[in-house]
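K.L.:
The residues making up each chain are set out below.
4 protein chains.
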Amino acid sequence: MLTIRRLDLNDARILLQGARARAAEIGVPMCIAITDESGQLIAFERMDGGKVTSATIAIDKAFTAAAAKKATHEYGESSQPGAPAYGIASAIQGRLMVVGGGLPVIVAAEVVGGIGVSSGTPAQDRDVAQAGIDAFLATL
Amino acid sequence: MLTIRRLDLNDARILLQGARARAAEIGVPMCIAITDESGQLIAFERMDGGKVTSATIAIDKAFTAAAAKKATHEYGESSQPGAPAYGIASAIQGRLMVVGGGLPVIVAAEVVGGIGVSSGTPAQDRDVAQAGIDAFLATL
Amino acid sequence: MLTIRRLDLNDARILLQGARARAAEIGVPMCIAITDESGQLIAFERMDGGKVTSATIAIDKAFTAAAAKKATHEYGESSQPGAPAYGIASAIQGRLMVVGGGLPVIVAAEVVGGIGVSSGTPAQDRDVAQAGIDAFLATL
Amino acid sequence: MLTIRRLDLNDARILLQGARARAAEIGVPMCIAITDESGQLIAFERMDGGKVTSATIAIDKAFTAAAAKKATHEYGESSQPGAPAYGIASAIQGRLMVVGGGLPVIVAAEVVGGIGVSSGTPAQDRDVAQAGIDAFLATL
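Chains as they are written, first to last, in this note's numbering: chain X, 1 to 140; chain Y, 1001 to 1140; chain U, 2001 to 2140; chain B, 3001 to 3140.
For the record, the hints were derived by calculation from the structure and aren't laboratory data. Note that beta-carbon positions come from the ideal geometry of N, C-alpha and C, so glycine has one too. There's no promise every hint is true.
Computed list of lysine-lysine pairs in BS3-like fashion (alpha-carbon distance at most 27 Å, straight line) [to be verified]:
#, chain 1, residue 1, chain 2, residue 2
1, B, Lys3051, U, Lys2069
2, B, Lys3069, Y, Lys1069
3, Y, Lys1051, X, Lys69
Simulated coverage check for chain B against chain X, where a stretch passes if three residues somewhere in it have a Cβ under 8 Å from a Cβ of chain X [what the hints assert, rightly or not]:
#, segment
4, 3007 to 3018
5, 3087 to 3095
With the rest of the complex left out, here is chain X:
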């Protein structure tokens, strides 16, 4: 039998708040999704002005980061033409995201969840996702 550690709803809210605060700071209304370690959604918010398309994309970035235990921008590199994971972007009916903005949430070297952010540039999305993780890790 396995014992799994995962984010609870309160953790998810702290991740959301940290990300939202950073999004407000840089002036980009974002869609922000938090999943557990299996990639299942725990919490989501679309800030006023966040893009409709970004709801699905944020959820899928968090899903990918948690369930594949890898930041989505790392897939961006390994899925370029000629690289080993080329073509992975359309896997799982397009849910596997290779665009930056999805990060695994790691505690004691274990993936306990994922955060996905979308509506800005991939660099902004990643920055805001990292701010969520920083806020969460500061509470441990």
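Starting from the known structure of chain X, fit chains Y, U and B onto it as the hints suggest.
P.N.:
Showing chains Y, U and B alone in chain X's frame:
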């Protein structure tokens, strides 16, 4: 051009809080989703212990209630065998929900959003969704 | 080789106009879709106030009526529990509609297209779809 | 609560007419789709000779342009191999279009809808979409 009124993120949080408080009161951890008037997700929470299947179901109940301007339990009645809307439950790739727990959010006779709840019995889900709406309407 | 007769865009517009006029008459803003004899979309309109969910449903009713050469309400009857086509409603990823409001457009005993209507009751949807066909046949 | 402005059906028809006139001028029968600001379909026409595949593509271009508030050809640039949004083309089950021909409809710096065109080259599609927008803006 049309002018439309819809829930903002702050409204969505009030709906979530009202529903969550009622879920805690009856002791059933729920998935709760809030959409805008077009059925697009604004906010979501899965309470600790909420069902994984219920994440999609709650989102689709809120989508149906808002975008079809009708409570999902009303579709439950009109889609029984022999009733006029029989078969509607599998429409839109199964997103059209006919199980109770999805309610339109109505302000001044206009649908401005939807709330969907899942993890309990359909009666519990509907009760919790209504509590979210009651909490929101009390702030207006 | 086969020679096929199908609606052209001008025919589709006449069908749309006839349906829209009847929808206005009964005071129900509708989604109205016209397909060719293969079920492929030619024209679509969502009247102001038509339901967002009904866009897909209208398109799928027209698709079903044309491509299966059968009114959707006839499937409603034959797909009841215990009837021969029971379960057909979820076929084709839920696109096969068994709710009234989809009618084949028939000229000289040949299906040349389909019309699908949604947003009212199934009886209203069917009435409005028939009005579209009547307007078209009057021009032949 | 938010107050949103969106295209009505009459606006959508003007966009369609403007696009259709330009398509006729260049001799390319097109599929043309108009959505509201959330990416939901308002109106669609497939001109006689327009491609069957282009119905979905035109609808998805309009959806992308409106819901992501960005022209689809801009995604074409930012999603090239090595560029930041590489891989975004398969997001949302492939609905996120990065091929030119989808434009947001902007009034007073606000996205109020989208237009998507398909059947020609991407450059022709974009030209025809722009003609639709020009016709609409001339009526304001």
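K.L.:
Now look at each hint and say whether the structure bears it out.
P.N.:
Going down the list of hints, with the structure as the test:
1. B:Lys3051 / U:Lys2069: holds (23 Å)
2. B:Lys3069 / Y:Lys1069: holds (26 Å)
3. Y:Lys1051 / X:Lys69: holds (22 Å)
4. 3007 to 3018: Per the Cβ count (0), the hint is violated.
5. 3087 to 3095: holds (count 8)
The earlier numbered hint that this structure contradicts is number 4, and it is the only one.
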